[in-house]
Amino acid sequence: MTGERFFYRLKFFKKNVSLTCSKIPRETQAMSAFALLPQTAPFGDDARLSLDRVLSAASPVQRAWLAGFLAGIDAGQAPLPRVDAPTRAAEPLTILFASESGNAERLAQDVAKLARKGGFKPKVVDFADLDIADLPKHERLIVIAATWGEGEPPARAARAYADLMGESAPRLERTTFAVLALGDTAYAEFCGVGKAIDARLAELGAVRTVDRIDCDLDFEAPAAAWIKSTLDAFAPIQESSDNVVSIDFGSHASTEINRDPVAAEIIEHVNLNSSRSDKETVHLVLGFDGAVPAYEPGDSLELFPENAPILVDAVLAATGLHADDTLRRVLTRERDITTLSVKTLEIFAAETEHAEVRRLLDEGQARSWIEGRQLIDLVEAFPAALTGQQLTALTRPLPPRAYSIASSRKEVGNEAHLLIAAVRYDAHGRRRGGVASTFVADRLKTGAATRVRLKPNKHFRLPDPSTDIIMIGPGTGIAPFRAFVQERRAIGADGRSWLFFGDRRYTHDFLYQLEWQDALKDGSLTRLDLAFSRDTPQKVYVQHRIWEQRHALVDWLDNGAQLYVCGDAKAMAKDVRAALVATYADVKALSAEAAELAVVELERGRRYHQDVY
Amino acid sequence: MSKELSRNERIKEASGYLRGTLAEGLTDIVTGAITEDDQQLVKFHGMYLQDDRDLRAERTKKKLEKAYSFMIRLRIPGGVCTPTQWLQLDRIAQDYANGTLRLTTRQTFQFHGVIKANLKATMKAIDTALLDTLAACGDVNRNVLASTNPHQSRAHKAALDLARSISEHLLPQTAAYREIWLDGEKVVGGEDVVEPVYGRTYLPRKFKTVVAVPPSNEVDIFAQDLGFIAILDDAGEVKGWNVTVGGGMGMTHGEEDTYPRTADVMGFCRPEDALAVAEAVVTVQRDWGDRTLRKHARLKYTIEDRGLEAFRAEVERRIGKALGKPQPFRFDNNGDRYGWVEGEDGRSHLTLFIENGRLRDIPGGPSLMTGFRRIAEVHDGEFRVTANQNVIVANVSPEKRPEIEALVEEYGLTSHATALRRNAMACVALPTCGLALAESERYLPSLVTALEERLTLRGLGEDEITIRMTGCPNGCARPYIAEIGLVGKGPGRYNLYLGGAFDGSRLSKLYAADLQHDEIVSALDPLFAAYAHGRKPTERFGDFVIRSGLVAATRNGRDFHANTGSLAEAAE
Ligand code: SRM
Ligand SMILES: Cc1cc2nc3c(=O)[nH]c(=O)nc-3n(C[C@H](O)[C@H](O)[C@H](O)COP(=O)(O)OP(=O)(O)OC[C@H]3O[C@@H](n4cnc5c(N)ncnc54)[C@H](O)[C@@H]3O)c2cc1C
Ligand SMILES: Cc1cc2nc3c(=O)[nH]c(=O)nc-3n(C[C@H](O)[C@H](O)[C@H](O)COP(=O)(O)O)c2cc1C
Ligand code: SF4
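So the protein sequences, as listed, match chains Y and E. Its first residue numbered 0, the first sequence is counted upward by one per residue in numbering that gives the first Met the number 0. Its first residue numbered 0, the second sequence is counted upward by one per residue in numbering that gives the first Met the number 0.
These aren't lab readings, by the way, just hints derived from the structure by calculation. Ideal placement from N, C-alpha and C gives every residue a C-beta, glycine not left out. Check before you lean on any hint, since a few could be wrong.
Here are the simulated distance ranges between beta carbons [unchecked claim]:
id : chain 1 : residue 1 : chain 2 : residue 2 : range
1  : E       : A56       : Y       : A384      : 51 to 57 Å
2  : Y       : K520      : E       : P195      : 51 to 57 Å
3  : E       : E376      : Y       : R460      : 56 to 62 Å
4  : Y       : E600      : E       : E57       : 42 to 48 Å
5  : Y       : K444      : E       : D513      : 38 to 44 Å
6  : Y       : R460      : E       : D53       : 42 to 48 Å
Calculated Cβ distances over 12 Å to all of chain E for the following chain Y residues [what the hints assert, rightly or not]:
id : residue
7  : L50
8  : K116
9  : F233
10 : R275
11 : E362
12 : R431
13 : W515
14 : Q516
15 : D517
16 : Q537
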């Protein structure tokens with residue numbers, strides 16, 4: 000409550016700053032340390048004075064940061080006043096990004112926009128295209144890096160990342176840099192890649208201009224603020240008056256395509272696995288009246304889930320807050336009440352003075368303790384009565400989940416189809432369910448409404464219609480390829496298409512079997528290979544089929560075919576790549592190194608596409 | 000009756016000796032099925048394409064085709080296999096089938112639930128076990144049965160030898176089987192010498208042969224196309240065989256010109272002529288059988304149409320000698336004798352009851368699969384599958400016997416084998432059988448439980464009465480020669496047949512139609528009561544219901560459909 004009023008005031012304050020600062024002559028500012036805010040500022044006297052005290056003492060960077068921070072909080076809200084920056088000699092600035100699902104890339108574009116406004120000559124470079132030898136040429140460097148897998152770099156960035164970490168990396172004495180790391184506190188190696196790059200650049204002699212920021216899934220606001228202050232730090236010190244106003248606050252919301260969440264209705268909801276299967280994969284048909292997200296085959300939709308009511312109640316009960324219905328609604332819809340990070344434990348320990356938890360932290364056992372555990376385990380293992388604020392503070396905003404779109408608009412019109420595998424498992428004696436997937440499987444019924452947001456992936460696009468495609472998508476990895484095949488059928492593409500699919504059992508887990516039968520008949524699918532792991536004594540996976548078909552496969556690739564891999568990142572994607580290397584080695588009689596190079600060539604030539612998770 | 004050949008005849012003709020497009024069909028991985036024509040041909044290779052009928056309703060909604068899989072039937076003349084082979088079959092069931100082994104009413108094993116992708120691997124494994132599935136189904140001479148009769152070792156050996164040589168002699172010669180399943184050399188089919196006995200189009204219909212050693216009619220010789228009854232001399236040696244022809248069970252509800260028929264005894268032949276006689280009977284049926292109408296193509300109809308005399312004459316002409324006069328013989332039952340028996344050679348044999356022939360580990364019940372696996376691991380004799388879906392652990396040496404007795408105990412292999420249950424048989428029916436109209440294997444056990452309650456109340460708890468159920472009128476469990484026969488009419492509804500002979504020599508009669516569970520029980524209970532009071536010493540239930548005028552006797556096939564129903568009610 001009080002918090003809300005506080006925000007409200009600051010919003011006005013920010014506007015005032017932008018106006019007043021450009022009015023007040025510099026001398027005045029300099030001489031009177033206590034009169035930064037005008038009497039007219041909509042604050043009580045003591046509030047105004049204390050604010051004055053803070054602000055007048057603050058450095059331009061600090062003030063800019065605060066402004067950006069406050070602005071960030073309101074990003075996406077009422078459009079903010081724009082005042083153009085003064086012209087300044089364009090300084091070259093390189094924004095180097097490592098991205099898998101596009102967040103880092105999108106931020107890099109935002110930085111470029113802002114930088115250009117700020118008078119820089121920005122150049123956006125994808126790690127995938129980075130030649131390590133050229134790195135010293137980029138003297139002003141902003142790195143935006145996501146972490147994937149279990150603390151690994153995004154697939155595309157892997158090679159250059161290895162070069163950067165390797166012996167042959169050049170010295171960078173003349174470079175100044177700043178790193179923005181994207182990550183997810185749900186993972187042990189939080190922002191591992193960003194951290195490593197940050198350390199490595201310094202090690203190579205580069206000078207850190209601004210401290211690294213590690214962003215969680217709700218990165219928009221903090222990233223915006225950090226970007227602002229970083230750009231200023233790179234620029235020669237300017238009048239503080241420019242600092243705030245030159246931020247294009249709108250830019251986060253407005254990229255080419257509209258990324259606002261849109262309402263969708265569940266038109267069809269069917270578990271594609273047979274009732275004999277031990278898996279559950281929901282085919283979800285979303286209908287949009289009017290505003291269909293402008294998706295392309297290869298894109299994903301982000302779905303905004305709700306937490307399981309039973310879990311919410313359990314958490315509330317364990318913290319003595321079961322009576323608070325407002326909080327119940329907030330926890331259900333807006334907060335991530337499953338993820339447990341060391342940060343969560345620290346906050347919890349601080350708030351509750353739970354000796355046990357403190358000990359876990361001090362004795363460095365926190366990380367192993369949270370392994371496989373969730374918030375509910377914490378609050379039940381260490382009971383403590385909390386206030387609503389305290390409990391909320393233990394959680395982060397509930398992040399949406401991405402799902403590859405399994406349809407082509409050319410075939411399904413204003414629908415979008417998703418294929419969602421229910422995540423269910425036991426850990427520490429408790430039955431657990433994935434937040435979004437079980438929300439969809441158990442609680443999203445036909446006719447229900449939900450919210451989704453387009454998550455484009457321009458690195459996972461169909462080539463021109465006459466180019467052959469090889470699609471490797473076991474399990475839910477098949478989703479985008481259903482979209483590919485629909486699209487190619489709709490446009491009557493003449494390129495051949497080859498699908499590798501796999502799951503547990505032929506009879507019970509052959510996702511979209513009837514559709515693949517039709518696709519083979521009408522020619523929209525040229526060839527199909529299947530790997531079912533539980534039909535035979537010895538397990539068979541897609542990589543085994545790839546190996547069996549290696550000669551035909553290399554033949555297709557030599558023919559210019561594009562290769563797509565979608566699905567499990569932990570094992571499948573790696574095994575498939577390994578199989579591909581082995582395939583080249585065998586078919587073309589190459590050394591392991593040469594074969595590896597052949598595959599790297601595919602990757603650099605943008606012919607080896609991955610959408611793995 | 001149209002004179003045009005039936006569709007199957009054209010399929011066989013065009014198949015190039017049972018090849019069809021089977022090889023290609025196996026490479027079409029997007030479907031678990033094969034073409035309709037190939038479905039007919041694959042039977043000759045011992046397989047049926049089926050689908051799990053329990054799952055049909057949900058499949059299309061889930062964008063899945065029917066839950067197709069194959070049933071694979073082995074050819075094991077006389078039902079004899081070694082412990083090693085048993086273990087190999089057990090492994091195949093675990094690796095490729097549904098984890099169960101199904102003992103059939105014709106002394107062999109069936110695998111269920113083998114998907115197309117695993118067919119070749121399964122067939123290779125079967126071949127490695129020195130077994131095959133060739134002609135286990137299809138329009139050919141099927142697996143040949145032989146009495147197990149363990150206590151007459153020599154007669155049994157003679158019966159087994161004859162069964163084996165007939166099976167071998169009448170086996171299709173086409174190389175298609177090795178070619179398709181075992182990657183054998185491609186042989187260009189074409190010349191008629193490929194099938195000396197059958198020719199291009201094989202037989203008009205399935206053909207079934209058995210060899211019986213009285214007094215046991217466990218092989219139900221009267222239900223078979225061709226049968227040999229051992230006639231023993233005083234030394235217990237086989238001096239020759241009575242030959243029976245024209246038995247069969249299959250019929251169709253509401254079609255009176257289809258009916259079950261008990262075989263006729265055609266004559267007597269010397270041991271050395273038996274094979275020639277078998278071939279002659281088969282070739283006469285090949286040439287005389289009705290190839291225009293499959294429902295009328297079995298040997299039983301050929302005999303009805305041409306007459307037994309004409310048929311015998313043609314057989315004698317083809318073997319170039321006359322058959323002798325049938326010799327006297329006596330059967331006293333068509334069931335199995337459970338428990339241990341000593342053979343003439345000092346080795347002993349254990350007959351174990353397997354409910355409906357289904358070997359599996361029942362949660363909370365006996366672990367049949369595991370139990371028999373353990374026995375096979377120690378057994379030094381052989382196994383024999385009986386025509387009543389049971390197993391004989393045969394030729395157990397005195398040393399091994401205690402070990403085997405212990406395992407039987409440990410795995411509860413003899414548990415709940417009460418009198419009626421021991422004499423009960425059900426066909427497979429749902430969910431795998433494509434022709435089933437009602438449940439059978441999955442339902443009979445609970446019906447038997449209900450009936451046993453009543454029998455016990457009537458003091459008949461220990462009496463042996465044969466009861467058999469099938470899910471449709473095809474008669475796979477030979478219900479029309481049981482004392483109590485139940486034949487599926489529709490979901491949960493059965494026709495009740497009574498008056499079959501305990502020795503399997505007389506057909507039963509329709510007593511009441513379309514009964515549901517409770518109606519079956521309440522229809523039978525009064526009959527049990529009457530039997531308990533009014534029966535003569537040693538009189539069998541099947542004989543009693545006829546003598547006491549409860550139901551009319553069926554003399555043979557032609558009057559099977561005549562004066563049906565409860566005579567008592569008719570009288571009122
Ligand atoms: C497994 C078995 C029943 C059992 O519980 O043991 C069986 C099972 C089937 N029988 Fe049978 N028959 C079995 C013994 C019999 C018998 C008994 C006998 O031969 O002693 C008969 C009655 C005797 C006779 O042939 O007249 C029998 C008469 C039929 C018929 C009817 C034939 C007729 O002349 O009308 C069919 C349907 C057909 O052939 O058109 C049939 C067809 C079938 C099929 C293959 C259904 C089909 O054609 O699609 C069944 C497979 C069910 C499944 O899922 O396994 N089965 N079938 C028996 C396997 C015997 C073997 O190992 O070869
Ligand atoms: C670009 C992209 C595309 C995607 N496309 C698809 C798609 O098409 N279909 C699809 O189904 N998913 C897809 N995903 C994955 C999807 O976004 C979610 O990650 C997935 O559905 C799980 O989310 P959840 O909320 O149900 O589970 P969460 O609540 O996020 O829980 C998942 C977490 O549970 C834990 N966990 C899971 N299993 C176990 C286990 N056995 N033992 C211990 N811990 C475990 C792990 O920590 C895991 O990270 C995609 C992801 C990305 C990034
Ligand atoms: C499969 C998968 C694995 C991930 N692994 C990590 C990780 O190990 N550490 C981490 O901090 N973040 C991890 N993340 C979170 C991503 O870094 C985060 O979503 C980031 O915003 C993605 O940026 P991008 O879209 O530029 O790739 C992972 C995300 C996914 C989907
Ligand atoms: S009797 Fe009918 S239902 Fe039973 S197995 Fe034979 S064909 Fe199938």
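Task: Status of W515 (chain Y), Cβ more than 12 Å from any chain E Cβ - done: About 6 Å separates W515 (chain Y) from the closest Cβ of chain E, which leaves it inside 12 Å; violated.
Open item on the list: Over 12 Å from every CB of chain E: does Q516 (chain Y) meet that, or does the non-interface label fail?
Closed with: For Q516 (chain Y), whose nearest Cβ neighbour in chain E is about 5 Å away, the distance does not exceed 12 Å, so it is violated.
- [ ] Indicate whether the distance between the beta carbons of K444 (chain Y) and D513 (chain E) respects the range 38 to 44 Å.
- [x] Between K444 (chain Y) and D513 (chain E), where Cβ atoms are some 41 Å apart, the hint holds.
Open item on the list: Can you tell me whether the CB distance of A56 (chain E) to A384 (chain Y) sits inside 51 to 57 Å?
Closed with: 52 Å Cβ-Cβ, so the 51 to 57 Å window holds.
Open item on the list: A cut-off of 12 Å on Cβ-Cβ distance, and R275 (chain Y) was said to be off the interface with chain E. Does that hold?
Closed with: About 7 Å separates R275 (chain Y) from the closest Cβ of chain E, which leaves it inside 12 Å; violated.
- [ ] Say whether it holds or is violated: Q537 (chain Y) keeps its Cβ farther than 12 Å from all Cβ of chain E.
- [x] 10 Å, violated
Task: Non-interface claim for F233 (chain Y), where every Cβ of chain E lies beyond 12 Å - done: 55 Å, holds
Open item on the list: Does K116 (chain Y) clear chain E by more than 12 Å, comparing its Cβ with all Cβ atoms of that chain?
Closed with: 51 Å, holds
Task: Cβ separation check - R431 (chain Y) to all of chain E, threshold 12 Å - done: Holds, since 26 Å exceeds 12 Å.
Open item on the list: Over 12 Å from every CB of chain E: does L50 (chain Y) meet that, or does the non-interface label fail?
Closed with: 63 Å, holds
Open item on the list: Taking the Cβ atom of E376 (chain E) and the Cβ atom of R460 (chain Y), is their distance within the range 56 to 62 Å?
Closed with: Holds, since E376 (chain E) and R460 (chain Y) (Cβ atoms, about 60 Å apart) stay within the stated range.
Task: Cβ distance range 51 to 57 Å for K520 (chain Y) and P195 (chain E), holds or violated - done: 43 Å, violated
In the structure shown, a violation is registered for the earlier hints numbered 2, 10, 13, 14, 15, 16, in ascending order.
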